[in-house]
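J.: Guided by the hints, dock chain B onto chain A, whose structure is given.
Number of protein chains: 2
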Amino acid sequence: MDVVIGCDVGGTSIKAGLFSPDGELLARRSAATPALVDEAAYAVVTDLLASMVAEAGADSVVGVGIDTPGAVRADGTHLLHYNIDIDVAGLRAAVSRAFPGAATCVMNDGNAAAAGELWQGSGRGTSTFCHLVLGTGVGSGVVCGGQVLAGAHGCAGEIGHMCVNPEEERRCTCGRRGCTELYASATGIMRSYREECERTGAEARDLSRGAVAVLEAYVDGEPAAIFAVEAMCEMLGRCLATTASVLDPDAFVIGGGVSAGFDVFGDLLRERYRAHASEGCEDTPIVAASLGNDAGIYGAAYGALRLV
Amino acid sequence: MDVVIGCDVGGTSIKAGLFSPDGELLARRSAATPALVDEAAYAVVTDLLASMVAEAGADSVVGVGIDTPGAVRADGTHLLHYNIDIDVAGLRAAVSRAFPGAATCVMNDGNAAAAGELWQGSGRGTSTFCHLVLGTGVGSGVVCGGQVLAGAHGCAGEIGHMCVNPEEERRCTCGRRGCTELYASATGIMRSYREECERTGAEARDLSRGAVAVLEAYVDGEPAAIFAVEAMCEMLGRCLATTASVLDPDAFVIGGGVSAGFDVFGDLLRERYRAHASEGCEDTPIVAASLGNDAGIYGAAYGALRLV
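Protein chains in written order, with this note's numbering: chain A, 3 to 310; chain B, 3 to 310.
Chain A on its own, in the form it takes in the complex:
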């Protein structure tokens, strides 16, 4: 049985999935992410993948795709990785040795998630769409004409770091100001909520469960949560409208942990998008992603499969 592996290497955990070539998820593994800079650490990854393959009884691994934060150029060279200690070339070489004969590829994590949604998720059958991952940060990927764009420097689809508020004083993790991520990431939503609670003297809810608690407070009509969710939708609406002026995509697909609350904020996001979008593309569908946190492993596997 031919199989393909998708391996999503994040700052905290490594997730791996084993797929049939037609996109069925056969098995899944995860592990904590070590500093991926030496052979011992690479072996953590290759052992994880090998045990998954062995247990599934697969006899031929035709491809292994790896996705990771940072800019990855079309040729697979890697730069600008902020939250992870990784030597991508070394890891890829170790994977190639462990699975001789398998095609390997390296992708940016936002691009992989977009590719996953294209292959088996909400983007299926859609020629051109933008996929956003609203998580700790805002990752994103652009699919254009059925291809995930890498860009000249591996920086295409970085709309989480699009400036949507030039007047902003606070800095984003990327060092610049007014990025979408400042308002629409889980971190950003929680920060907006806390700051508004402080400003108004309201007592903040326990946010140990993350941004979902702010969305619950929004449903309950808590003013600080209304402020945070409105800021998120306004800034994300600007970001999507600006993206539409470049690409005029068939759809926007919203994923990541925050998208679990899409039913709560989706209509407001559509309303803010429409307020900023140019006539002609104001009705572009904005939908929730369907693969959730698995989008990356699907997309990494798909990337490798396209090389086979």
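Mixed in with the good hints, there may be bad ones.
[Said to hold, decoys possible] Covered by chain B, according to a simulated footprint, are these stretches of chain A (three or more residues, beta-carbon under 8 Å):
id: 1; segment: 149-157
id: 2; segment: 169-180
id: 3; segment: 237-246
id: 4; segment: 256-267
Everything labelled a hint here was simulated from the structure, so no lab data went into it. Cβ coordinates follow ideal geometry from the N, Cα and C atoms, glycine included.
T.: Same frame as chain A, but now just chain B:
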């Protein structure tokens, strides 16, 4: 001899070019634009094209491409044309009757100019680039993977109407606020200059020759012109940096009448782009277009040629 025609239908004039299939411009014609809504007016266009073909002694017109303002969907349907009175379907039918056997296509003017630069201009050999036409407005087109993007609603590459200044109070021709066009079109540059002259009590130069007079005043160190050109470069720099966060193109190509002064403002534009671009794509080349006002006829011809 096989030939292909490109016909650029603007608000004031119609420009037509006759090309060999390998892109040599063999002849050229122009005429004032009538209200293109009836057979008599369509005949103005078809007679112009037929006389150009006859004089060149061409015996086989294989394609006729037409470009015009407004959004043109991939299927050729036309909407949102603000500054021109035109029935595109009627004109196209008249052209088809006048040149039976020729492939015909209709394109947005910004997209045609981008296609022209791709075929025979500064974009030649470049896979992904954005082309801007700084004229009365700011037209633009996006080439991605060697294809001009139309977009789901014919609105791709409308970055002249990207909002780069959400705090702006004045409205753009499109009805929204803070569009690139407000600052970087010839009209916008002249308006910035005049307003700054009024504000400071300086005497404004005669602008009957257009924005080029403001660029000359900038070279002479006139404060109001410095204000206008800095505003133009700041806002256009934001627009290109934002576009890079979506596409990370290989290059930006600047055309239109204002680009005649590219030597004057190019370095400042590059500096403002770099200030806003994300790490990784801050060195994207920004170059002047090489086809000038002929980009549209080249691109319309190229569009038709690709259907042959």
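J.: A separate judgement is required for each hint: does it hold in the structure or not?
T.: Now the hints, each set against the structure:
no.	hint	in the structure
1	149-157	holds (count 8)
2	169-180	holds (count 4)
3	237-246	holds (count 5)
4	256-267	violated (count 0)
In this structure, the one hint that does not hold is number 4.
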